Amino acid sequence: MTDHTQTLDEGTPRDIPGNTKKKRRGPPLSVAAWKQFVSVAKPYWLGDERKRAWLLLALLIVLMLVETKLAVMLNDQAGELTSALAGKDRNRFWGAVQACLIVLAFAVPIYAFYYYMRDLFANKWRRWLTRRFLDGYVGGRKYYELGSNQEIDNPDQRICEDVNTFTGRSVHFMLIFLGSLMQLVAFSAVLWSISHVLVAVLVGYALLGTIIALVVFGNPLIHLNFWQLRREADFRFSLIRLRENAESIAFYGGEAQERAHIDSKFNKVIHNFSRLIKKQRALNLFQRTFSQLTLVLPFVILADAVLSGELEVGRAVQAAGAFTAVLAAVGVIVDNFESLSRFVAGIGRLQTLSMHVMPEPPSGNPCDTQARITRTPGDHLALESLTLCPPQSDRVLIKDLTLSLKPGDALLINGDSGCGKSSLLRAIAGLWHKGSGVIHHPPREDFFFLPQQPYLQPGTLRSQLIYPSTRTTLSDEQLTDILEQVHLPYLAGRVGGLDAVLDWEKLLSIGEQQRLAFGRVLVHEPAIVILDEATSALDSANESSLYKRLRDKGTTLVSVAHRAGVLRHHTHVLWLTGDGGWEVHAAADYQFDVPVPARSSAHEAQAATQPRAGVLVD
1 MTDHTQTLDE GTPRDIPGNT KKKRRGPPLS VAAWKQFVSV AKPYWLGDER
51 KRAWLLLALL IVLMLVETKL AVMLNDQAGE LTSALAGKDR NRFWGAVQAC
101 LIVLAFAVPI YAFYYYMRDL FANKWRRWLT RRFLDGYVGG RKYYELGSNQ
151 EIDNPDQRIC EDVNTFTGRS VHFMLIFLGS LMQLVAFSAV LWSISHVLVA
201 VLVGYALLGT IIALVVFGNP LIHLNFWQLR READFRFSLI RLRENAESIA
251 FYGGEAQERA HIDSKFNKVI HNFSRLIKKQ RALNLFQRTF SQLTLVLPFV
301 ILADAVLSGE LEVGRAVQAA GAFTAVLAAV GVIVDNFESL SRFVAGIGRL
351 QTLSMHVMPE PPSGNPCDTQ ARITRTPGDH LALESLTLCP PQSDRVLIKD
401 LTLSLKPGDA LLINGDSGCG KSSLLRAIAG LWHKGSGVIH HPPREDFFFL
451 PQQPYLQPGT LRSQLIYPST RTTLSDEQLT DILEQVHLPY LAGRVGGLDA
501 VLDWEKLLSI GEQQRLAFGR VLVHEPAIVI LDEATSALDS ANESSLYKRL
551 RDKGTTLVSV AHRAGVLRHH THVLWLTGDG GWEVHAAADY QFDVPVPARS
601 SAHEAQAATQ PRAGVLVD
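Using this note's numbering, the letters of the sequence shown correspond one by one to residues 1 to 618.
Derived by calculation from the structure, the hints in this document are not laboratory data. None of the values given here were measured: they were computed from a predicted structure. We treat Cβ as the ideally placed atom computed from N, Cα and C, and that holds for glycine. A couple of the hints might just be wrong.
[As the list claims (entries may be wrong)] SDA-like mimics (lysine to any residue), calculated; alpha carbons at most 20 Å apart, straight line:
| no. | residue 1 | residue 2 |
| --- | --- | --- |
| 1 | Lys553 | Gly578 |
| 2 | Lys124 | Gly47 |
| 3 | Lys124 | Phe235 |
| 4 | Lys553 | Leu474 |
| 5 | Lys548 | Pro442 |
| 6 | Lys42 | Ala53 |
| 7 | Lys399 | Asp379 |
| 8 | Lys265 | Arg281 |
| 9 | Lys51 | Lys69 |
| 10 | Lys42 | Ile212 |
| 11 | Lys69 | Ala112 |
| 12 | Lys35 | Trp45 |
| 13 | Lys553 | Thr470 |
| 14 | Lys279 | Ile212 |
| 15 | Lys51 | Ala112 |
| 16 | Lys553 | Ala537 |
[To be verified] DEER-style ranges, computed between Cβ atoms:
| no. | residue 1 | residue 2 | range |
| --- | --- | --- | --- |
| 17 | Ser475 | Phe237 | 42 to 48 Å |
| 18 | Arg259 | Met358 | 54 to 60 Å |
| 19 | Ala112 | Gly496 | 18 to 24 Å |
| 20 | Arg494 | Thr374 | 31 to 37 Å |
| 21 | Glu49 | Ile249 | 42 to 48 Å |
| 22 | Gly578 | Ser469 | 22 to 28 Å |
| 23 | Pro458 | Ile102 | 56 to 62 Å |
| 24 | His562 | Thr473 | 20 to 26 Å |
| 25 | Thr473 | Ala588 | 23 to 29 Å |
| 26 | Val438 | Gly418 | 24 to 30 Å |
| 27 | Asp416 | Ser264 | 31 to 37 Å |
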């Protein structure tokens with residue numbers, strides 16, 4: 001019987017797995033699937049834990065050899081027991097019973113230890129592979145880049161569940177195939193010594209069953225499992241999304257639409273699974289027929305020899321046991337086809353994630369999908385011939401931007417919606433890489449980024465203030481003073497002190513969250529602060545006060561804002577035209593809400609008497 005439990009992924013372009021034209025397929029049981037497996041598995045077997053991996057595998061092989069030998073001995077004694085009973089030989093019978101008990105005394109603990117070592121091996125492999133993926137996913141900031149990559153759905157699931165499935169199933173199937181090989185060699189000798197005809201029938205029967213399984217059930221099952229993994233992940237994600245956006249949905253009263261969205265995802269899960277179990281039903285029928293016939297075939301073939309007295313009944317029983325064992329060895333694909341198809345369906349997901357988490361070095365053309373902006377260390381922030389494109393598009397947002405920010409400069413980025421303001425901040429922060437040119441930047445610890453929606457992680461009020469650090473040398477009095485400087489003087493007392501643990505996103509308003517984020521800047525005192533509408537929820541007085549504190553400290557600012565009031569806190573304005581063009585103005589000469597043609601005409605008149613500004617100076 002096959003297990004219908006699903007753990008992972010995917011469907012067709014029209015969400016109907018039954019479509020046959022131009023549909024995305026999982027890899028078949030072929031060379032392609034083997035290459036994908038090797039691509040994911042090879043780093044572990046050739047990496048820093050290779051000695052431990054090969055040692056554990058060698059130990060498991062030894063245990064399997066001992067297990068196989070004991071299994072042959074038990075099969076022999078089963079034949080002895082039958083022959084003793086048929087011959088009414090009491091001494092022979094009890095001698096066989098004693099021999100069986102001795103073999104079992106060794107076999108049972110070895111059997112238990114073998115499965116323990118198998119699971120231990122899989123767990124160690126999972127730990128290593130998960131850490132490898134996390135190093136690239138988190139350490140390499142791929143978690144951000146993959147958010148805009150439609151090819152990689154649910155990377156969290158791939159790292160959590162797919163890795164676990166991959167390592168566990170890999171060890172399982174690896175040992176199954178090795179054990180089958182040992183079993184084939186051991187029991188074939190027994191079978192050959194009893195009946196050559198039985199061996200010939202066995203080979204033909206096993207080959208026929210394997211071919212039918214691959215041809216009839218191969219690609220359809222893999223394909224349906226591939227989509228089932230994705231459907232399950234999409235359904236779970238829709239529930240997570242509902243939980244994470246609960247307040248906004250409740251304010252809108254959007255329960256009906258959200259329920260419809262969740263139902264659509266769940267219906268796809270059920271529809272695909274219905275098709276899957278129908279195909280599995282046919283496979284179960286075939287597997288059951290294939291295996292049950294082995295109970296009859298050996299006796300049918302050996303009946304004449306037993307009935308004529310040429311062969312003992314015990315030898316026939318021994319041959320039947322050997323026949324079943326050898327058939328299980330050569331028919332391992334048929335017996336494990338359903339779980340093997342789910343395993344193969346998940347390999348491609350991990351291999352695809354591996355390619356994106358640990359990508360090959362890029363090259364080329366400024367807005368080619370592989371081209372990247374170069375980042376080099378520098379004493380101050382400078383952009384050199386920067387051309388910027390969105391991650392999943394060839395549209396040029398900014399072309400050949402060159403400017404330099406000296407310590408203490410304050411640059412305000414302005415322009416119409418969609419012109420690339422926030423995109424430029426992402427490039428400066430090292431989040432977007434597609435394009436060309438060079439970004440010269442101070443060390444990463446000298447940067448601090450303030451988004452419009454601050455991130456508040458689970459933890460204490462103290463941890464919110466010192467984030468992303470985990471500890472600080474500042475005293476409680478100093479932290480409380482910083483809260484006062486950002487106009488949150490009573491927050492610590494209101495929530496129960498700096499060590500209070502609460503749901504900060506629900507407790508604090510957006511304005512309070514933004515002020516708390518400014519507190520982080522005062523804690524870390526970075527040289528450069530990047531603000532992406534970081535004061536949008538503040539009144540003008542609070543906004544002006546916080547900007548003034550940063551300017552008084554000599555902090556270099558790069559801001560996106562839409563209020564004219566922030567202009568006095570900046571030295572220069574970078575105006576983006578939206579078609580790749582850009583202009584640099586002195587903040588004192590810049591005016592908000594001036595129509596684009598008027599601003600362009602004014603700039604052209606200015607450009608007639610002086611060159612285009614690219615370097616910011618006071």
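Satisfaction of the hinted span 31 to 37 Å by the C-beta atoms belonging to aspartate 416 and serine 264: 36 Å, holds
Pairwise beta carbon distance, arginine 259 to methionine 358, judged against the given window 54 to 60 Å: Given a distance of about 39 Å, which is not inside 54 to 60 Å, the answer is violated.
Taking 20 Å as the top limit, are the C-alpha atoms of lysine 51 and lysine 69 close enough? Given that 20 Å is the threshold and the Cα spacing comes to 27 Å, the pair is violated.
Quick one, are lysine 553 and threonine 470 close enough, alpha carbons at most 20 Å? 24 Å, violated
Distance restraint between lysine 279 and isoleucine 212, which requires alpha-carbon spacing of 20 Å or less: 14 Å, holds
Pair hint outcome, lysine 35 versus tryptophan 45 [Cα-Cα no greater than 20 Å]: 15 Å, holds
Run the distance test for lysine 124 versus phenylalanine 235: straight-line Cα separation, threshold 20 Å. 30 Å, violated
Given the hinted pair lysine 553 and alanine 537, is their alpha-carbon gap at most 20 Å? The given pair, whose Cα atoms are some 23 Å apart, is violated under the 20 Å limit.
Sort out whether glycine 47 lies within 20 Å of lysine 124, counting only the CA atoms. 13 Å, holds
Pairwise hint evaluation, glycine 578 against lysine 553, where the allowed Cα distance is 20 Å at most: 33 Å, violated
Taking the Cβ atom of arginine 494 and the Cβ atom of threonine 374, is their distance within the range 31 to 37 Å? 48 Å, violated
Do the alpha carbons of lysine 553 and leucine 474 lie within 20 Å of each other, as the hint requires? Distance of about 18 Å is within 20 Å: holds.
Violated hints for the displayed structure, listed by number in ascending order: 1, 3, 5, 7, 8, 9, 10, 13, 15, 16, 18, 19, 20, 22, 24, 25.
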